[in-house]
Amino acid sequence: MDTSKLTSTPLHRGAEADLSLATIGPWRVVIKRRVKKEYRNPSLDEQIRHDRTSSEASIIHEARTAGARVPSIVGMDIENNAIIMTHVDGTVARERLDEMGISEARKFFRSLGEQIGLLHTGGIVHGDLTTSNVIVSPSGAPFIVDFGMARRSVETEDRGVDLHLLQRSIVASHSKDPSSMMNAMIRGYELSAGKKVASSTWRKAREIARRGRYFAIR
Amino acid sequence: MCLGIESTAHTFGASLVDDRDRIVTNVNSTYRPPVGVGIHPRKASEHLASVADSIVKTALSTKDGSSIGPDVIAYAAGPGLGPCLRIGATVGRALSTFLKKPLVPVHHGVAHLDIAMSIAKARDPLAVLVSGGHTSILVHVGKRWRVYGETQDITLGNLLDMFGREAKLPSPGGLSVSREAMKGEKLIKLPYTVKGNDVAYSGLLTAAASYLRRQGNLADLCYSLQETAFAMLTEAIERSLVQTRRSEVLLAGGVAASPRLREMIGSVAEDHGASFHPVPVEYSGDCGAQIACSGRLGFESGVKVSISESFVIPRWRMDEVDVPWIPRN
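First to last, the sequence lines map onto chains S and E.
Going by the numbering used here, the first sequence opens with residue 1, and the numbers climb by one from there.
Going by the numbering used here, the second sequence opens with residue 1, and the numbers climb by one from there.
Chain S on its own, in the form it takes in the complex:
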């Protein structure tokens, strides 16, 4: 599919890709186009954009098959490093969270944890799990988006990175009771991933957090 011929309106400018909205038949779709990065060596840049685009499309499709709430892939435009997927209606969690009350936020994180567990048991790790990459639908359900850094993995290490990144984004952006939010998330995660996986992944996440520089106790 050649996305350059589609009529589209800009939606969002991310760190590595531009998102725009278009209509194909009955669907409202999002076109995610990975843009050239001037700072990067051109051959390195081309390789990274190509690899991430094709891997992202296939992983989103797998995540959908595993039962997670993610967009559906409509098509691809490999030449332009673009993916076409269904549009998810809602607000970015990063913004929505500040308006939520404590109990609503806890419920949300529990449901998000369940989604993460579905991905992990489906053999997928997200690789960039922050509150900026979760969309809250009008009914309050979380949709995980942006699988650009996602990989196929069942390693506890990689799963731990997901929980670690999520925890750090909660601490850095939402000062309201981050530990109770993480607890709710873990309870949801247990529902879909099981107690055993949940406890080992969480243990690993805390270990990863301590890998940063100059921790007195390791």
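In short, the hints are calculated from the structure, not lab data.
C-beta atoms are modelled at their ideal positions from N, C-alpha and C, and glycine is treated no differently.
Hints may be right or wrong, so weigh each one.
Claimed, not checked - With beta-carbon atoms standing in for the labels, derived distance ranges: (1) E/S54 - S/E38: 44 to 50 Å; (2) E/R214 - S/H61: 38 to 44 Å; (3) S/G194 - E/N329: 49 to 55 Å; (4) S/P10 - E/G216: 43 to 49 Å; (5) S/E38 - E/M1: 40 to 46 Å; (6) S/S72 - E/V242: 23 to 29 Å; (7) S/R152 - E/S275: 38 to 44 Å; (8) E/S301 - S/R28: 49 to 55 Å; (9) E/G273 - S/H50: 24 to 30 Å; (10) S/T65 - E/G36: 51 to 57 Å.
Position chain E against the provided structure of chain S, taking the given hints into account.
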């Protein structure tokens, strides 16, 4: 007038900063290990001890030879090498006792950011600290710097220094690699590891070292190492910038002297409409001025310590220090 004493690793520095945040004097001496060898903590500390006296004396003298009495003594309490930290702390305690002036402990990493912010007149930036001790992307939230992204293993400074030693290039590694890189043009495929906002450099070091042992072209390798390592960090910075929506990007620390890294990060800042403030090269590496600058700000916010409590803290994270003087006005 605040006297700052730096001695966390290879540099002993002393500097005076006045009440209007101007650097009056800044005198430093750096221990250089032989080619192919890293910093030995004891040998470095012996160097620091041997130069301490004359450095402090010079820093406290005006151009016409008269001496200036400081009102506050600041010392780098950590993080760093224990034997080296103790030299600076000892000098600081002695001066504080003799001159009867308050003693202020300073976090070396926070100080790198403070001096860069003072010079740039930055207010509340996304801060990038790249050195031998740190590779962190930070934002100030509440009273503290929060780590938004960082290296999960070795720092960018470690990577360049350790590779430099493997390649028998003179210290500091960053400068030598950058010189070699200018002659290189072919991009060799090396591991590119970005995990969210974090980077990991140890795989890159191993791959580069093993390529070197296979007698590969050194210039091309240095070029590729630099392109790959810097692009990884720049990608993590861009990601953090989009998420935190800061309008200033600050670059500080020894590796901030690299022209290529400045170019890359500057391009990302511009792309997102943020102003870019790299620290001037002369204040990028470890120096007394950073400690004096941070010590002055700390003292104004009420930070001081008694002699009996003036410990050194070899392991001390940026996000464990209260920094109430940011945002700056």
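Each hint, compared with the structure:
Between E/S54 and S/E38, the C-beta spacing of about 47 Å keeps the proposed range 44 to 50 Å intact. About 40 Å separates the C-beta atoms of E/R214 and S/H61, a value consistent with the hinted range of 38 to 44 Å. Separated by about 52 Å at the C-beta atoms, S/G194 and E/N329 satisfy the suggested range of 49 to 55 Å. Distance hint check for S/P10 and E/G216: the Cβ-Cβ separation is about 44 Å, which falls inside the suggested range of 43 to 49 Å.
S/E38 and E/M1 have their C-beta atoms about 45 Å apart, which keeps the hinted 40 to 46 Å range intact. For S/S72 and E/V242, the Cβ-Cβ distance of about 25 Å falls inside the hinted range of 23 to 29 Å, so the restraint holds. At about 40 Å, the CB distance of S/R152 to E/S275 agrees with the hint of 38 to 44 Å. Checking the proposed 49 to 55 Å range against E/S301 and S/R28 shows it holds: the Cβ atoms sit about 52 Å from each other.
The given range of 24 to 30 Å is respected by E/G273 and S/H50, whose C-beta atoms sit roughly 28 Å from each other. At about 54 Å, the CB distance of S/T65 to E/G36 agrees with the hint of 51 to 57 Å.
Hint check: no violations occur; every hint is consistent with the structure.
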